[in-house]
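Novice: Sequence:
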Amino acid sequence: MTVPANRPPAASPRWQTGPKIALGTGILVAFAVLTLAVAWARLGLDAILLDGASTLDKYHETDFATCDQFARRTSAIPPLSAELARNWSPKFQSGFLVCDFGSNDPAAQYISLDVYWHGPRHSEAGAKRTAGLFTGFSFRSKDHSPVGLDFADQARWLPGSNRESCGVLFLDHNALFSINYTPANPDRNTTTCRTQLRTITRALHTAAQPR
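Numbering (this note's numbering), first residue to last: 86 to 296.
Keep in mind that the hints were calculated from the coordinates and are not lab data.
Incorrect hints may appear among the rest.
To be verified - The calculated lysine-lysine pairs, modelled on DSBU-like cross-linking and capped at a C-alpha distance of 30 Å, are: (1) 213 x 176; (2) 143 x 213; (3) 213 x 227; (4) 143 x 176; (5) 143 x 227.
Note that the coordinates shown come from a computational prediction; the quantities given were computed from them, not determined experimentally.
Based on the provided sequences and hints, a complete structural model is requested.
Specialist: Here is the structure:
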């Protein structure tokens, strides 16, 4: 059989690669469209999950109480001596607050308050992120005795910053509170220190509630 002069032989590479190139291009286009569709769907899903996660969080962004507000909302703590730090990071959806109340005078009470709170990030609720922070911080304590804070999701006694003080760590939804307390005229009695600290902790927790 003679092949027409104006038609390439059946075995010609040019004759076979034309349809293959077209098929390959079609597959790439289809794959690109599918990838974009998945990406858009994922972005939409993340937005939905992120919005749902934010509703689970109790403390929100910059609305968290300032040190001055803590001092004004309760009479159970000595006067504010310093707001050492207060920051909120929109990028990382996390904030922290550091307050000192009272003075280092041995005849006066002294309280240090550190608070860390998280908002939702990558469709993970802030409460879940903060719970992980509690786990890390609680490694400082080997004391598993009951703390007696019925409003806390988790709580742990912490060693005091010195021999006269005592400390407590507790988790409330998406906020982690760390409080160190030195009584006035301390007698180094841990039970007495913790009893007073428990009362102060309740007052600080009430003052922290969103208004």
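Novice: Is it true that the CA of residue 213 sits at most 30 Å from the CA of residue 176?
Specialist: holds, 18 Å
Novice: If you draw a straight line from the CA of residue 143 to the CA of residue 227, is it 30 Å or shorter?
Specialist: holds, 29 Å
Novice: For the pair supplied as a hint, residue 143 and residue 213, confirm whether the alpha-carbon distance does not exceed 30 Å.
Specialist: At roughly 12 Å apart (the allowed maximum being 30 Å), residue 213 and residue 143 satisfy the hint.
Novice: Under the criterion that the straight-line Cα-Cα distance not exceed 30 Å, is the pair residue 213, residue 227 satisfied?
Specialist: holds, 23 Å
Novice: Sort out whether residue 176 lies within 30 Å of residue 143, counting only the CA atoms.
Specialist: holds, 19 Å
The structure meets every hint from the earlier list without exception.
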